[in-house]
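Trainee: Listed here are the chains, written in short residue letters.
Number of protein chains: 2
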Amino acid sequence: MSEPSREKPRGTWLRTAAAQINATVGDLEGNTRKIREWLRRANDEGVQAIAFPELAICGYPPKDLLLKTQFIDDQLKYLDEIVPETRGMFAVVGLVIRDRDCYNAAAVMHDGRLLGFARKVGLPNYRVFDEKRYFQRGEFLSAYHTDAADIGVLICEDVWHPEIVSKMAASGVELILCASASPFHVGRPLERETMIRARCQDHSVGFVFCNLTGGQDELIFDGASLIIGASGRTLARGMRFAEDLVIADLPFTEIHRNRLAAPVQRDVIPGEPLTREAVKIHSSDGSTRPYELRNRRAAHPNPFLLTSEPVISPIADAYNALVMGVRDYINKNGFKNVVVGLSGGIDSALTATIATDALGPENVLGVSMPSRYSSGHSKDDAADLARNLGIEYKQFAIEEVFSQYLELFKEEFADRQPDITEENLQARIRGAILMALSNKFGNLVLATGNKSELAVGYATLYGDMCGGLAVIGDVPKTMVFQMARYCNESAGRIRIPENTITKPPSAELRENQQDTDSLPPYDVLDGILHAYIEQDCGIQEIVELGYDRELAARIVGMVDRAEYKRRQAAIVLRVTTKAFGSDRRLPVTNKYRSG
Amino acid sequence: MSEPSREKPRGTWLRTAAAQINATVGDLEGNTRKIREWLRRANDEGVQAIAFPELAICGYPPKDLLLKTQFIDDQLKYLDEIVPETRGMFAVVGLVIRDRDCYNAAAVMHDGRLLGFARKVGLPNYRVFDEKRYFQRGEFLSAYHTDAADIGVLICEDVWHPEIVSKMAASGVELILCASASPFHVGRPLERETMIRARCQDHSVGFVFCNLTGGQDELIFDGASLIIGASGRTLARGMRFAEDLVIADLPFTEIHRNRLAAPVQRDVIPGEPLTREAVKIHSSDGSTRPYELRNRRAAHPNPFLLTSEPVISPIADAYNALVMGVRDYINKNGFKNVVVGLSGGIDSALTATIATDALGPENVLGVSMPSRYSSGHSKDDAADLARNLGIEYKQFAIEEVFSQYLELFKEEFADRQPDITEENLQARIRGAILMALSNKFGNLVLATGNKSELAVGYATLYGDMCGGLAVIGDVPKTMVFQMARYCNESAGRIRIPENTITKPPSAELRENQQDTDSLPPYDVLDGILHAYIEQDCGIQEIVELGYDRELAARIVGMVDRAEYKRRQAAIVLRVTTKAFGSDRRLPVTNKYRSG
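In the order they appear, the protein sequences are chains A and B.
So that you can map any letter, position 333 of the first sequence is 332 in numbering that gives the first Met the number 0, and since no number is skipped, the others follow by simple counting.
So that you can map any letter, position 23 of the second sequence is 22 in numbering that gives the first Met the number 0, and since no number is skipped, the others follow by simple counting.
So here's chain A without its partners, still in its complex pose:
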């Protein structure tokens, strides 16, 4: 047997943690209960310094709840229940404070006492964020002197500003605890890690980055919290899309290295002083419970050490994000089960599969609503899917109701050819059926449209757009195919029928209809849409990417004209850098045409 102890790093250690919880907006009592429980858990694990997410007590983002004075006062009251649980630890918990104005802040506590509040300086007011609507910018940064290390406290966006971290490090801070609520999109976890590792390397500071996890309306918080050493090495990484108490021991050799490297400078924001509060350490001679951060875990091995980056495909990552997004939207809104219209097509199949993984097959009802235009294989595919997933399956043929509507309009439409009216009518009958089942049995309707359809308006308002949540409304059609394949591959068996994946997409709202009748092939469509929507390209720029000008102009026109539909769409779970919803705020009345 070798001597493993020889390979352990020497010196003393600081045990740090990120309490990656799933907080619910407005659930002050539930969030507080969870914070207290996790503080106790952390204490049991010997944790000495811990960070919780941004606005952990009230959930993120509370939006216009923040305009209610009572809401802010209510969540502040819950802090009193949290402070006593920090015995033996240095703890940071996000919340809102009022001090003439409102601040996005973090309560900084130590050993059962409240030391003060750190205030967020960098307020994001772009993409999905509106923090300048609610918060005043913090006037100073906060750092605390402890016997173990000088600890700086930052909040989310602060970290993305190099000058903020730089100022804090330059003032002598050795370890930064950051309370964060950074939403997911494909690629985001790695961007975040790369950025924070660079901050650590740049300034020789250790970092505990605690990110929120969970779904909140359109936003999905992945978690993926990080504990990174002053060398820039990732010591621990939180799970994605799940709660996790992430623990790592930071060696003091790393923590103390930067004392030599960094000049001591105290102003953190230009022109504003850094607030430094000395933690009044209980001295060993006077205190009943001495606080000995430095020596508590001498020569402790690091059981949590982790350096390699996780290998997760973007498709798997987005899929898991959607599973959490569905689960949290349904459960946090007091629902238990869902109903999904199954056309036999790939969009509804994928939506039902995600719902099954989120809620369990017993909580998903699949409903097939064939019309005179539905092919035999569509009905079979829908039934096969339900069987594969193990979900309940019902069928309601829409022919009789459809005929009755046509009868009603017989005179009115006598001299008109069938057109989009009759197509939409079928979609609206299906919508009404799903809503009736929802009303009668209390399950929530999931909308099944994908991002490409929603973009060009290839969807019926009050028809297939019905539902409380648009599960794959931010998933381009090309990615829908990839996800469907992933569902089957990751399960090691056929869940989504092969025929559903391989047949040419069709809305089946008239005889022999195919998507490509009115749309280009999906890889071309998605390329143009990505450039126009996510990159804000003009038509000329799209042409320069290699697309046909006439086609680009036609697609862009379709996107612009469909804005009114999207305004009334269900909440779209966000997995790309720009989803429909609060991420993309365009006027409906808009005569601008990109040239």
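Please note: incorrect hints may appear among the correct ones.
Since copy identity is lost for identical chains, a pair holds within one copy or between any two.
With a cut-off of at most 35 Å between alpha-carbon atoms, the simulated DSBU-like pairs for lysine-lysine come out as follows [unchecked claim]:
| # | residue 1 | residue 2 |
| --- | --- | --- |
| 1 | Lys62 | Lys409 |
| 2 | Lys62 | Lys393 |
| 3 | Lys67 | Lys409 |
| 4 | Lys131 | Lys502 |
| 5 | Lys131 | Lys439 |
| 6 | Lys131 | Lys409 |
| 7 | Lys378 | Lys335 |
| 8 | Lys76 | Lys564 |
| 9 | Lys502 | Lys378 |
| 10 | Lys76 | Lys33 |
| 11 | Lys335 | Lys393 |
| 12 | Lys378 | Lys33 |
| 13 | Lys67 | Lys378 |
| 14 | Lys131 | Lys62 |
| 15 | Lys378 | Lys590 |
| 16 | Lys439 | Lys564 |
| 17 | Lys409 | Lys33 |
| 18 | Lys33 | Lys502 |
| 19 | Lys62 | Lys439 |
| 20 | Lys33 | Lys335 |
| 21 | Lys409 | Lys577 |
| 22 | Lys590 | Lys439 |
| 23 | Lys577 | Lys131 |
| 24 | Lys33 | Lys62 |
| 25 | Lys393 | Lys33 |
| 26 | Lys67 | Lys33 |
| 27 | Lys502 | Lys62 |
| 28 | Lys564 | Lys67 |
| 29 | Lys502 | Lys76 |
| 30 | Lys131 | Lys393 |
Because the hints were derived from the structure by calculation, they are not lab data.
Keep in mind that this is a model prediction, so the values were computed, not measured.
Given chain A, put chain B in place with the hints provided.
Mentor: Leaving out everything else, chain B in the frame of chain A:
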């Protein structure tokens, strides 16, 4: 005959104007054409200094169009067509500029030359505004020296900040031209006038406040531009809800008075210098077209003098706002006519009346869709209304389709009592009928729900909530009654049938249903809703206003639970201080309950 000239004020005059145009978002070409035409009109009227609205070239608010670089560049190009039309005048036109970052700015032009750009300093980021999402704060204020007066240029929100006007006045500015896009709510025009008159009095500056007019999605811009003398006297006031070239002659005695009163100080924002650009006046000896602001209109009478405040009832004001809101939404989106479901009730009657006044009776189709629960008088009332308004009227009974749906669900719902499901189904059939008519004939569906219903969720998603525009979605039910009376009184005849106004409100979705079965009387309901929604009161505060605690808690709970419906509602025209939509951004997932 008397000698009228003796009563004219002595001295010289500066003829000023506010070009209160109705710009359309994104219609760069159309807006530019209009600006050029109005500059020519103003020149013909002898105007010497003129202001256009904020972002006049691109319309307000362009929202995320501002994230497209090409959009900003495109609208800047149109400025080249405007500059030459300013011959003989000092002119201010709102637009977006790029100078490393984006600014909400105003082009300042004189006599066919571009002098520079004023930048907005006060960026609103509250209520319906998101300007910090797009714009950088201006680093300086701009003032221009002319031979007539020193002219300062401000943009909208700037004026609401006393310190900005104060700094500008203190630097020696005698006249302020302000480009504005200030949206309407009941009472807003008077608040604006009171504020600007105070600014004039405080600093002895003259003011040309040019406000946008027209509807843009939920926002309605009233216009009501103002020209106010340095004494605080209103010299001219623009029309409300219409375009208007507002002209007034400012006497130089007033303009020059403040030279003595105000200390000359040049820094406008603390720490930032005031930019003052001397207008290179064509001297009379060198120029082919001398610019003689001071003497151009010597001893001119002021034909536009106006001092008394207009007497407009809040009800009339809100009604006229909605008329403009409907007209502009329909026309600017390329529609010509609308379809309204007529239940015989007051909400749909008021909506149809507003639509008729907005578009003309020939462009409004009223559709009655009686069910087994519709009373005889409801059908009569709907037909009477259509006759009174002179609009086309059609009837589609929903019984057969409804029966067919019930047949479809016969087995599924066999062991369940009829409930909200069957009520909603009727509403959804009606929605589908209106949408089918819209799809077939191209007229836009107007939603008819009022604010009180939308607040408590007393409306069916994809049913009566169908439509492109919720015309009275910001009108509380008590105000609906007042507006209905106003419609008849102002017309001097019955337009909305008396029975429609006086009968107890009912949704008629089941036997003998009345609104008061599930809701308190509307005056009580609206009192609670006003406190909760517009004032952000908690339940305790509502109780302190004199309402029953249990009732208040029940209503507040209903409002909270209906958030998911409002998220998918049609655009609501805004006439109060807080409308549903971009004005009130609450999470759907929200476990907070006000105590």
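Trainee: State the violated hints by number, sorted upward, taking the hints as numbered earlier in the document.
Mentor: 1, 2, 3, 4, 5, 6, 12, 13, 15, 17, 18, 21, 25, 27, 29 and 30
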